[in-house]
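Participant: Chains as they are written, first to last, in our numbering: chain A, 22 to 277; chain Y, 22 to 277; chain B, 22 to 277; chain G, 22 to 277.
Simulated from the structure, these hints should not be mistaken for laboratory data. As the structure is a prediction and not an experimental result, all values here were calculated from the model. Note that the Cβ used here is the ideal one computed from N, Cα and C, for glycine as well.
Restricting the straight-line Cα-Cα distance to at most 30 Å, the calculated cross-link-like pairs of lysine-lysine (DSS-like) are:
1. G:K257 to B:K27
2. G:K63 to B:K257
3. A:K157 to B:K257
4. G:K257 to B:K118
5. Y:K63 to A:K257
6. Y:K118 to A:K257
7. G:K160 to A:K27
Chain A regions said to be covered by chain B (calculated; three or more residues, Cβ under 8 Å):
8. 86 to 100
9. 105 to 117
Each chain, written out:
Protein chains: 4
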Amino acid sequence: MTQPWKTAITRVQPNEVRLRGYCIDDLMGQASFAQVVYLAIKGELPSPAVGRLIDAMLVSSIDHGVTPPSTEAARVAASTGAPLNAAIAAGVLSINKHHGGAIYDSMSILEELIRRSAESSLPLSSVAATLVAEFKAAKQKLAGFGHRVHTNDPRTARLLALADELGLAGQGVAAARAIEGVFAQAGKPLPINVDGALAALLIDLALPHELANAFFIMARVPGLVAQIHEEQTREKPMRRINPLDAEYDGPGERRV
Amino acid sequence: MTQPWKTAITRVQPNEVRLRGYCIDDLMGQASFAQVVYLAIKGELPSPAVGRLIDAMLVSSIDHGVTPPSTEAARVAASTGAPLNAAIAAGVLSINKHHGGAIYDSMSILEELIRRSAESSLPLSSVAATLVAEFKAAKQKLAGFGHRVHTNDPRTARLLALADELGLAGQGVAAARAIEGVFAQAGKPLPINVDGALAALLIDLALPHELANAFFIMARVPGLVAQIHEEQTREKPMRRINPLDAEYDGPGERRV
Amino acid sequence: MTQPWKTAITRVQPNEVRLRGYCIDDLMGQASFAQVVYLAIKGELPSPAVGRLIDAMLVSSIDHGVTPPSTEAARVAASTGAPLNAAIAAGVLSINKHHGGAIYDSMSILEELIRRSAESSLPLSSVAATLVAEFKAAKQKLAGFGHRVHTNDPRTARLLALADELGLAGQGVAAARAIEGVFAQAGKPLPINVDGALAALLIDLALPHELANAFFIMARVPGLVAQIHEEQTREKPMRRINPLDAEYDGPGERRV
Amino acid sequence: MTQPWKTAITRVQPNEVRLRGYCIDDLMGQASFAQVVYLAIKGELPSPAVGRLIDAMLVSSIDHGVTPPSTEAARVAASTGAPLNAAIAAGVLSINKHHGGAIYDSMSILEELIRRSAESSLPLSSVAATLVAEFKAAKQKLAGFGHRVHTNDPRTARLLALADELGLAGQGVAAARAIEGVFAQAGKPLPINVDGALAALLIDLALPHELANAFFIMARVPGLVAQIHEEQTREKPMRRINPLDAEYDGPGERRV
Numbered sequence: 022m023t024q025p026w027k028t029a030i031t032r033v034q035p036n037e038v039r040l041r042g043y044c045i046d047d048l049m050g051q052a053s054f055a056q057v058v059y060l061a062i063k064g065e066l067p068s069p070a071v072g073r074l075i076d077a078m079l080v081s082s083i084d085h086g087v088t089p090p091s092t093e094a095a096r097v098a099a100s101t102g103a104p105l106n107a108a109i110a111a112g113v114l115s116i117n118k119h120h121g122g123a124i125y126d127s128m129s130i131l132e133e134l135i136r137r138s139a140e141s142s143l144p145l146s147s148v149a150a151t152l153v154a155e156f157k158a159a160k161q162k163l164a165g166f167g168h169r170v171h172t173n174d175p176r177t178a179r180l181l182a183l184a185d186e187l188g189l190a191g192q193g194v195a196a197a198r199a200i201e202g203v204f205a206q207a208g209k210p211l212p213i214n215v216d217g218a219l220a221a222l223l224i225d226l227a228l229p230h231e232l233a234n235a236f237f238i239m240a241r242v243p244g245l246v247a248q249i250h251e252e253q254t255r256e257k258p259m260r261r262i263n264p265l266d267a268e269y270d271g272p273g274e275r276r277v
Numbered sequence: 022m023t024q025p026w027k028t029a030i031t032r033v034q035p036n037e038v039r040l041r042g043y044c045i046d047d048l049m050g051q052a053s054f055a056q057v058v059y060l061a062i063k064g065e066l067p068s069p070a071v072g073r074l075i076d077a078m079l080v081s082s083i084d085h086g087v088t089p090p091s092t093e094a095a096r097v098a099a100s101t102g103a104p105l106n107a108a109i110a111a112g113v114l115s116i117n118k119h120h121g122g123a124i125y126d127s128m129s130i131l132e133e134l135i136r137r138s139a140e141s142s143l144p145l146s147s148v149a150a151t152l153v154a155e156f157k158a159a160k161q162k163l164a165g166f167g168h169r170v171h172t173n174d175p176r177t178a179r180l181l182a183l184a185d186e187l188g189l190a191g192q193g194v195a196a197a198r199a200i201e202g203v204f205a206q207a208g209k210p211l212p213i214n215v216d217g218a219l220a221a222l223l224i225d226l227a228l229p230h231e232l233a234n235a236f237f238i239m240a241r242v243p244g245l246v247a248q249i250h251e252e253q254t255r256e257k258p259m260r261r262i263n264p265l266d267a268e269y270d271g272p273g274e275r276r277v
Numbered sequence: 022m023t024q025p026w027k028t029a030i031t032r033v034q035p036n037e038v039r040l041r042g043y044c045i046d047d048l049m050g051q052a053s054f055a056q057v058v059y060l061a062i063k064g065e066l067p068s069p070a071v072g073r074l075i076d077a078m079l080v081s082s083i084d085h086g087v088t089p090p091s092t093e094a095a096r097v098a099a100s101t102g103a104p105l106n107a108a109i110a111a112g113v114l115s116i117n118k119h120h121g122g123a124i125y126d127s128m129s130i131l132e133e134l135i136r137r138s139a140e141s142s143l144p145l146s147s148v149a150a151t152l153v154a155e156f157k158a159a160k161q162k163l164a165g166f167g168h169r170v171h172t173n174d175p176r177t178a179r180l181l182a183l184a185d186e187l188g189l190a191g192q193g194v195a196a197a198r199a200i201e202g203v204f205a206q207a208g209k210p211l212p213i214n215v216d217g218a219l220a221a222l223l224i225d226l227a228l229p230h231e232l233a234n235a236f237f238i239m240a241r242v243p244g245l246v247a248q249i250h251e252e253q254t255r256e257k258p259m260r261r262i263n264p265l266d267a268e269y270d271g272p273g274e275r276r277v
Numbered sequence: 022m023t024q025p026w027k028t029a030i031t032r033v034q035p036n037e038v039r040l041r042g043y044c045i046d047d048l049m050g051q052a053s054f055a056q057v058v059y060l061a062i063k064g065e066l067p068s069p070a071v072g073r074l075i076d077a078m079l080v081s082s083i084d085h086g087v088t089p090p091s092t093e094a095a096r097v098a099a100s101t102g103a104p105l106n107a108a109i110a111a112g113v114l115s116i117n118k119h120h121g122g123a124i125y126d127s128m129s130i131l132e133e134l135i136r137r138s139a140e141s142s143l144p145l146s147s148v149a150a151t152l153v154a155e156f157k158a159a160k161q162k163l164a165g166f167g168h169r170v171h172t173n174d175p176r177t178a179r180l181l182a183l184a185d186e187l188g189l190a191g192q193g194v195a196a197a198r199a200i201e202g203v204f205a206q207a208g209k210p211l212p213i214n215v216d217g218a219l220a221a222l223l224i225d226l227a228l229p230h231e232l233a234n235a236f237f238i239m240a241r242v243p244g245l246v247a248q249i250h251e252e253q254t255r256e257k258p259m260r261r262i263n264p265l266d267a268e269y270d271g272p273g274e275r276r277v
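With the rest of the complex left out, here is chain A (with noise of 0.2 Å):
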């Protein structure tokens, strides 16, 4: 007879099911959805404060119109006629380094600045300096910083005031920051994307790095569902999609 493996997430028995030592008819009602995703991967309630941050984090991410490949792969599959669930696949598998993957490589970077600040005990400003040379020497580009579309990303500077005025900004954003920084000083304005600012909110809420690529699946499946449905009930199957000739068509400007 083997030994039992372990696990430490959830414990079902006959009426009771515990995610992580609640019983998950306690969090429902009084814990969102934000923080019990927070719950069932670090395995600590987070306060509501932290569910808030992660709130808008999700809904940050949660879709980018037609043209990412994630929806391109999925609205692809949906267009053969694949259920739901393949589609939902089909773009998952299509969310990787260099796509969803900048989250990842952010906090790599933003990690090093705070390990080299620490260990030197210099200002995160100077560290930041010389890493930025180091990358223009090497002409490696800062992942987390500058858009393809977006000058000034409307959804960095919302969450960033957001972990403000919570009392979350940590290291994470603060090295961000200093990077930042470094490229105003220049004369050569780089802004925080909105992967350099998820980056340093997933560090600074202490989320760990190997799930960047997670957390940004966990925000995009809704969005991939939403885009199927349309394929499947707008479009005639198997049609020639073509990401870049997409005219919206949606409700006008409304506000909260």
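Given the coordinates of chain A, assemble chains Y, B and G onto it according to the supplied hints.
Facilitator: Quick look at chains Y, B and G alone, frame taken from chain A:
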């Protein structure tokens, strides 16, 4: 030159991302992820009350331990060295008619009941009696009622209480309770299970029937992330995974 | 203790692997992969002639350039940095009713024709005339006939000639030709396409109807490998992939 | 207007499909699927002898019973009601570094050996002795040697004999035999396993190192089809699948 195709989900312009007409940075911090999931799929921003109910519905299905097939497939893939997104995809590909699909089937039953009651002007209770008799005669199970493990699923009670409390219980919940009443009166109680409760609430929230499975997937993906991460960090690669041989060693009982 | 479940495919013992009763090392070198594919699925080792026909059927579907949706999905995934197996999976998930599925639908039509002819003792040609008229009245297309690009698909001619030559053309081929004859007589030629020819031959080889799609997948996976590998080695990551904008720059015309 | 991108695999024109320059209908019946797989990937049509070796290599890996993780994942997905292509995808997603990946790792070792021998002008046998000592010192296993179940893998013997017979054994096979010789001389025989033999032959056929895993996938997909089909036709949905609890009930011993 072909006509552009249409999308009504997201409009991306420089420094502006609008989801169903709302600036995404306006939604961030003001609307929960649960509300924005509904917005992405249905096109309308729901009230905070609806958001709270969706939060609870998503929480109810986030994880159910190591035995569900989606968890098994995800862990098997992870155990061979699959990256996180591929292991998630393997899990999502195992959410089909016989796992997760009971929500869809239960919605069909409840909708049939509501339709018959409306057409015949008979109360749900008497129409339910007829329907249960039909299923019994055909030796078919009623999806959404009864559970292998839970005789009194704590998630059901909580979901329905919350819907009552928030004033959101409608025809869907009434139909589910009508069927439960028929079984109770016959002296053979077969309670509403979590799938039946979710089906009732999806009807009352007017979410599209064909997205029943998608709702379960959106809820379960974070649970899969936690399971895959545990597999990657606690276990050796290429182990034999027997889901029935696991032992819980996580935190003891805790209260919110 | 539960009863062991049964499998009739492979028996693995120390230093012995037997597929459907045959030592795998006995098959190696004596039977072609095509023959062993049939053995694995059907349980019987086919003659070399059947093997040659299956070889030709698999070859016919190995690749069809960069426009099929399965190729597009596989390239999109690869372009984001997916490992090879994940990109293959994305491609396979895009082989469904509307892409690859015509083989299945065509088998249904041919089997219906054969059944009607057997039941009525009428020749295939007259039953075919009725069936074509029914489809025309219902404004439905006959899967397996006609092609977007090829008016005279070279793969069809070759497959049917080979089946004749090897003495393997049976009721399936006769049924397909009967339908083709109806169109020709009406002065509106609509030739058998490669899906229709494969459907006819799958019937004549007695392969299970429900594996029609699987047959196409087995043939196409190596084509997807070639496409993914080309994407990974010739292209930059995260490019916009427009399948209609590709130009062939491979070897010029060659003969076997 | 952008420049068209390039592809060197297939040119599709009305009534003509050319793979790497060859009419596909010319290949059908004249070249085996194994030869055309090589053509699709490498760009050159191999000799019939090479085709026969590839046939044998693909046959060697078509199935290994119900215990491999790819088979388990595919059966789990099928058991929940996944369509065939989705179950195949779940299986393919479970072919990674720790399952199937030994071919890749073994190629790395053999290539390293060949490189060192070429650079040092020392015979493979003496370079192999050094390499084995290094692995032993580092307490690392040599991928491609030894097997959980088979002390003398019948597939290995057959593959190498066939390569000798066809005059196709080259540096790859020599390198594998050199390592095997080192273990034998030390009195601790650790024979070449099927992964090691495949690695050696992939080197001698000049197939790209990065496609080692792809080769295994192409061979295994038909085996997955057989396994999924058996699951769908012999078993009830949503059963607990314990791969260690299966019993073979197929045909008895047969000879080609």
